[in-house]
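J.: With the hints as your guide, set chain B onto chain A.
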Amino acid sequence: MKAKEYWRLYRLVCKTKDLGEKRHIMFEQNKAMKWLGYLFAAFWCAYLLFFGVVLGNAMSDGPVEGFDLIDGGMIAFIALDFLVRLMLTETPAQEVKQFKLMPISVKFLIGTFLTRRILSSFNIVWLFFLVPFGLIQLPHYYGLGGFFVWVFAWWLIFAIHSQVYLIWRSLMNRNFLFTLLPVSIYAFLFYCGIFDDEYTQMIFGDNVEWLYNACLWWWRSILDGSVLPFICLGVILVLIFCLNLVIQNKAIYKEIAEVQESKVKSREMSVFNRFGIIGEYLKLEVRSIMRNAVIRKQFILGVVCMLMLSCMTAFTPVYDNNLFMKAYISMYCYCVLANMMLVNAMCPEGNYIDGLMARKESVLSLLKAKYYFNLMMFIVPFCVFLVPVIQGKSTIGESIGCMLFSAGVVMPALFQMAVYNNMTIDLNKKLTRAGRSNKMQIIVSMVALFLPMIIMYALMVLVPDYSSLILGLLGVIGIALNPLWLRNVYNRFMARRYVNMDGFRSSRNA
Amino acid sequence: MTLTLSNIKKYFGEKLALDIEQYTVNDGEIIGLVGNNGAGKTTMFRAILDLIKPEEGAVSIDGINPAESEDWKEITGAYVDSGFLIDYLTPEEYFDFIAKVSNISKEELDERLKPFAGFMNGEVLGQNTLIRNLSMGNKQKVGIIAAMITRPKLLILDEPFNFLDPTSQLAMKSVIENYNKETGAIVLVSSHNLTHTIDICTRVTLLEHGKILMDYDKETHKDVMKEIEDYFVGQAPVTQE
Numbered sequence: 001m002k003a004k005e006y007w008r009l010y011r012l013v014c015k016t017k018d019l020g021e022k023r024h025i026m027f028e029q030n031k032a033m034k035w036l037g038y039l040f041a042a043f044w045c046a047y048l049l050f051f052g053v054v055l056g057n058a059m060s061d062g063p064v065e066g067f068d069l070i071d072g073g074m075i076a077f078i079a080l081d082f083l084v085r086l087m088l089t090e091t092p093a094q095e096v097k098q099f100k101l102m103p104i105s106v107k108f109l110i111g112t113f114l115t116r117r118i119l120s121s122f123n124i125v126w127l128f129f130l131v132p133f134g135l136i137q138l139p140h141y142y143g144l145g146g147f148f149v150w151v152f153a154w155w156l157i158f159a160i161h162s163q164v165y166l167i168w169r170s171l172m173n174r175n176f177l178f179t180l181l182p183v184s185i186y187a188f189l190f191y192c193g194i195f196d197d198e199y200t201q202m203i204f205g206d207n208v209e210w211l212y213n214a215c216l217w218w219w220r221s222i223l224d225g226s227v228l229p230f231i232c233l234g235v236i237l238v239l240i241f242c243l244n245l246v247i248q249n250k251a252i253y254k255e256i257a258e259v260q261e262s263k264v265k266s267r268e269m270s271v272f273n274r275f276g277i278i279g280e281y282l283k284l285e286v287r288s289i290m291r292n293a294v295i296r297k298q299f300i301l302g303v304v305c306m307l308m309l310s311c312m313t314a315f316t317p318v319y320d321n322n323l324f325m326k327a328y329i330s331m332y333c334y335c336v337l338a339n340m341m342l343v344n345a346m347c348p349e350g351n352y353i354d355g356l357m358a359r360k361e362s363v364l365s366l367l368k369a370k371y372y373f374n375l376m377m378f379i380v381p382f383c384v385f386l387v388p389v390i391q392g393k394s395t396i397g398e399s400i401g402c403m404l405f406s407a408g409v410v411m412p413a414l415f416q417m418a419v420y421n422n423m424t425i426d427l428n429k430k431l432t433r434a435g436r437s438n439k440m441q442i443i444v445s446m447v448a449l450f451l452p453m454i455i456m457y458a459l460m461v462l463v464p465d466y467s468s469l470i471l472g473l474l475g476v477i478g479i480a481l482n483p484l485w486l487r488n489v490y491n492r493f494m495a496r497r498y499v500n501m502d503g504f505r506s507s508r509n510a
Numbered sequence: 001m002t003l004t005l006s007n008i009k010k011y012f013g014e015k016l017a018l019d020i021e022q023y024t025v026n027d028g029e030i031i032g033l034v035g036n037n038g039a040g041k042t043t044m045f046r047a048i049l050d051l052i053k054p055e056e057g058a059v060s061i062d063g064i065n066p067a068e069s070e071d072w073k074e075i076t077g078a079y080v081d082s083g084f085l086i087d088y089l090t091p092e093e094y095f096d097f098i099a100k101v102s103n104i105s106k107e108e109l110d111e112r113l114k115p116f117a118g119f120m121n122g123e124v125l126g127q128n129t130l131i132r133n134l135s136m137g138n139k140q141k142v143g144i145i146a147a148m149i150t151r152p153k154l155l156i157l158d159e160p161f162n163f164l165d166p167t168s169q170l171a172m173k174s175v176i177e178n179y180n181k182e183t184g185a186i187v188l189v190s191s192h193n194l195t196h197t198i199d200i201c202t203r204v205t206l207l208e209h210g211k212i213l214m215d216y217d218k219e220t221h222k223d224v225m226k227e228i229e230d231y232f233v234g235q236a237p238v239t240q241e
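Protein chains in written order, with the numbering used here: chain A, 1 to 510; chain B, 1 to 241.
Chain B on its own, in the form it takes in the complex:
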C-alpha cells in the first residue's frame, strides 16, 4: 500500500494553494502534517480524497487514481470536518449505517466499537441524541470512529485533536497509535498541536504556502521537535517593546 502525490498543483483563483512535486507515503507510516493556517493541509487531504480537482498532477492510492476510479474508497477512511457526518442520525444509527454499506455485520461492528469505549467516555453511545445535538468534541469522536470502523488501509484525519478535552486528546493518541499497530495502515494526521503530532508520528511533514518545506523521518531525525519549533519561532512576528 502506497500513497503518492505527483506534481500536484491546486489554485484558488490566482493563489497557488498546493504545489507538491513528489510525495510518497508507505505502509505503516503515521504522517504528521503540520503548518500554519492556510498552509494547504486540508487542501492536500481534499485532493487525496478527490473532494477537489487539482489543476495539475495526480494522486495514487495503492495504484488507483481517485479521480478516475472509485475503488480507492474501499481502502480509505477519512474525517475532515462535520460535512462527513449525517447529523440527523444518532451515533448508533450512523455507525450501523456505515457498517451496513461497508458489509460489516452487526456483531463485527460491536466488536470493532469495543476498543473505542474509553475514547467515547460514555458520552456518545446510548444517549438517544442526534449527532447534530452532540458537543463539537463528541461529533469529532463520532466522525473519527466512523472513519476507522471500516478498517481502512489509508486513514486521513484532519485536526483530530481539535475540540477534544485533554483526556480525550490523550485517548486519541493511543487510538491512532493502536490502530496503526494493529492494521499497519497509513495514517495521515494534520494538527496544530506539535507535541501530540510529533509524539505519535513516524514522520513529520511541514507544509507552508502549499509547498513541503520539511519532511523528517523520526528514526533518522531525532530532534524533529526542535527543528520544527525553530521554524515556527522564526515565523512569529517580533513585537516591539
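Pulled out of the complex, with its shape left as it was, chain A reads as follows:
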C-alpha cells in the first residue's frame, strides 16, 4: 500500500514538473522558437547519428578496434557530457522549494527529482552516436548481446554522471569558484586520456597511457560478460544517489534561508564622469556586474574563458602546428566575453525596463555603454597576446586584426539580440542558463562563433598574406559605423517595444 502511495505521489510530482517545463514562459511567449528548438535538437541527434555511422565504418579497418578507441577514451565523453550539462543549472534543492510546504516528505521529493535525473532523456543523447557506432563495430566480435550490454553500460555511466554533476552543481551554486574544481579535474583527465606529448610524459613517464589502458581493461571486462563491472556501477550509483540525498537536503535550507548581504560600499567611479550620460550608463553596467550574482558569474566565466584561451595560445604548443586553429582561437579570445554577455542583451534590463523607457533615448545610451564596455575589455586578451608576439609565435598584426574584427563585425551581430530578447533574467537567482537561453540566442551565439571561422578560413586560403589586414579593415569599418548600427538596433528595439515590454513583464516573476 505504501509503495503504491509513493508511486502515485511520484507520478503526480513528475506530471507537475513536466507541465511546468511544457508551460515555461519561454515557450509560451515564443511558439516559433519552441519548434526551432525541436529542430535544433533533431539536428544534433541526426549529426551524432551520422558521425556514429561514419566513424564506425571508418574505424572498421584500422589497426586498433574502433570500439577500443572509444572505450579507452571514455573520459573524453564524460568531460564533454559535463560541458553539455552546464546548461542544466537547477538542482533538486531548488526544485523542492515549490513543494516544500505540501504534505509530502522532503526526502521523498528529493529522491523523486534525483530519480528523474537518472531517467532523463538527457542521458541518452550520446547514445545517438554510440548506438550506430556500436552496431557497426561490436556484433562482429561480441554478437548482438554484447552490443546491448555495451550500450546499457554506457547509459549507466551517463546516468551516474548525471548524479555526479548534481554534486558539482550544488558546490558551484554554493560558491562560483567551485566551478574550477570539476573543470580542472575533467580538463586534466581529458588531457591525460587524449594527449601523449612531452607534458604527459613528464607527469607519467613511461606509463603515459595509464588512463586509456584502465578504461580499456574496464570495458573489455564488460564485453567479456563479467558481472563485476555492473555490480560496481550499481554500487557507485546507489552511493552517489544517497550522497546526493544528503547534500540536496542540506542545500534546501540554504536555498530557503539565504539572506543577502544588505550593506554595500558605494563607489563614485569618477573615471566614467568624463563620458557624460554614456558614463552614467557605463557605471550602471559595472555596478550590474558587481552586484548581481547571475551577471557577475557570467562575466567571471567569460573572463576566465578569455584568459584560458589566451594563455593556451600564448604559453602552450597546442596550436603551434595548426595555423588556422591558432588564428581562430586568437579571434575567439576576443569574442568570448562579448558572446557570453551580449547574447542576453537587455535581459537583465528587463527588470527595470519600464524605468528606462520612461526616459528619452536611455536605451540608446545603454547600448552605447555596453558596446564601449566590451571594447574596453579587449585590453585583457590583447595584453596576454603580447606574449606569443614577443616569442615570435604570432604577429601583432594578427592580434590587432582579430581584435578589430571582433569589435567591428562580431559585436554588431551580437547586438542584434537587443532587438529580439524579451525575457527578463532574474539577476540573483541561481537558476541560470536553463531558464534563459532561447533558441534565437543559441543561433546568434553559433553565428558569432562560426562566422568568423568561415571568414578567416576563406581569407587564409584565398589571400593568406593579407588575411589579418582584411579582417582589420572590416573591423575598422564596423567600428566607424557604430553610431549608425547602434541607432539602427535602438530604432528596431523601439519598433518592437510593446512586444518586448510585454515579454519582460511576463517573465519578470516567472
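Rather than coming from a laboratory, the hints here were simulated on the basis of the structure.
The structure presented is a predicted model; accordingly, all values stated were derived computationally and were not measured.
Just so you know, not all the hints are guaranteed correct.
[What the hints assert, rightly or not] Covered stretches of chain A (in silico footprint by chain B; criterion: 3 or more residues with CB under 8 Å from a CB of chain B, positions within the stretch not fixed):
1) 172-186
2) 264-271
3) 288-302
4) 354-361
[Stated by the list, open to error] In silico DSS-like links for lysine-lysine, alpha-carbon gap of 25 Å or less:
5) B:Lys181 x B:Lys211
6) A:Lys97 x A:Lys297
7) B:Lys100 x B:Lys153
8) B:Lys53 x A:Lys360
9) B:Lys153 x B:Lys181
10) A:Lys265 x B:Lys114
11) A:Lys2 x A:Lys107
12) A:Lys254 x A:Lys107
13) B:Lys100 x A:Lys265
14) A:Lys326 x A:Lys393
15) A:Lys97 x A:Lys254
16) A:Lys15 x A:Lys107
17) B:Lys100 x A:Lys360
18) A:Lys250 x A:Lys97
19) B:Lys15 x B:Lys211
20) A:Lys360 x B:Lys153
21) A:Lys360 x B:Lys106
22) B:Lys106 x A:Lys265
23) A:Lys250 x A:Lys17
24) A:Lys107 x A:Lys250
25) B:Lys211 x B:Lys222
Glycine included, C-beta positions come from ideal geometry on N, C-alpha and C.
T.: Here is chain B on its own, set in the frame of chain A:
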C-alpha cells in the same frame, strides 16, 4: 499643459480592458483614479506612458503622441511598480543616476531631495543598502521620489499609498499636494484608499471595466465621497444571513 486620451481601446485577448472615448486633464489638476481591481487604472497609466499599445485611439501629452515621439519623457515622471527601479543601486546612486541623465547638478539634486526628508523618515538615505533590500514601503518611496525629482509637468503615481505605514501615508498626501502647488503640474494618482484620494484630489474619476463611469470636479460636486461610496456599496455582494 494638457493630457488627452481620445477613443482609446485596449484589448487583452477578447477582453476590452480599456475603453475611453474622451478624457482631458488640464494644468494644475490632481486626478484621483478610483475603481475596483481590474477596472483598468494601471492599464490606463501604461497606455499614457507608452508601455502598452492601445488597439485604437491616441494619447496626447502636451500635444505629443507618446507612441510617435519620445519628447514627452522630458516632461513626465511616473512610478507604476518596482519595474521602474534599478534595484541593484543604492537609493543615493539611483537618485544620482536619474539626476545625471536628466542634467540635474548634484547641488540641485540635494536641494530637490530636501523636502522629502520627512517622507523618507531616515530609512532611505544613508543606509548603504541596495534598493532591492529595502522594505516594500521604502522601495515605493524611492520610486515616487525618483519620479518627482525631475520636476515633471505630468506626474503619474499608481497606488502610491500601498505598502506605506499610516505616518508615511499622511506624509505622502502632503508631498503630492505640495508638489502640485509648487509646480502646477498635472498629478494622476490611482488608489483604493478613497479617503486619501478624495482628500488630495481636485477631480475624481471612477473607472470600471475599462470605462469612465463618473468624473467629478470637487469644486462643483461637494459630495463626491458619498456618491463614490454609494457606487461601491451598490457593487458589494450581499451576504445572506
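J.: Hints first: check each against the structure and report whether it holds.
T.: Evaluation of the provided hints:
1. 172-186: Violated - the stretch 172-186 of chain A has 0 residues with a Cβ nearer than 8 Å to chain B, which falls short of three.
2. 264-271: holds (count 3)
3. 288-302: The restraint on the stretch 288-302 of chain A holds, since 3 of its residues have a Cβ under 8 Å from chain B and three suffice.
4. 354-361: Our answer is that it holds, as 7 residues pass the Cβ test (under 8 Å) against chain B, meeting three.
5. B:Lys181 x B:Lys211: Roughly 29 Å separates the two Cα atoms, so the pair is violated.
6. A:Lys97 x A:Lys297: holds, 23 Å
7. B:Lys100 x B:Lys153: holds, 19 Å
8. B:Lys53 x A:Lys360: Distance ~18 Å between B:Lys53 and A:Lys360 Cα, so the pair holds.
9. B:Lys153 x B:Lys181: With Cα atoms ~12 Å apart, B:Lys153 and B:Lys181 stay inside 25 Å; holds.
10. A:Lys265 x B:Lys114: holds, 23 Å
11. A:Lys2 x A:Lys107: OK: A:Lys2 and A:Lys107 at ~15 Å, within 25 Å.
12. A:Lys254 x A:Lys107: holds, 16 Å
13. B:Lys100 x A:Lys265: holds, 20 Å
14. A:Lys326 x A:Lys393: holds, 10 Å
15. A:Lys97 x A:Lys254: Status holds; Cα separation ~11 Å.
16. A:Lys15 x A:Lys107: holds, 18 Å
17. B:Lys100 x A:Lys360: holds, 13 Å
18. A:Lys250 x A:Lys97: Since the Cα atoms of A:Lys250 and A:Lys97 sit roughly 13 Å apart, the hinted pair holds (cutoff 25 Å).
19. B:Lys15 x B:Lys211: holds, 13 Å
20. A:Lys360 x B:Lys153: Since the Cα atoms of A:Lys360 and B:Lys153 sit roughly 15 Å apart, the hinted pair holds (cutoff 25 Å).
21. A:Lys360 x B:Lys106: holds, 20 Å
22. B:Lys106 x A:Lys265: holds, 20 Å
23. A:Lys250 x A:Lys17: Answer holds: A:Lys250 to A:Lys17 is near 22 Å, not above 25 Å.
24. A:Lys107 x A:Lys250: holds, 11 Å
25. B:Lys211 x B:Lys222: Holds, because 23 Å separates the two Cα atoms, which is no more than 25 Å.
Of the numbered hints stated above, those contradicted by the structure are hints 1, 5, listed in ascending order.
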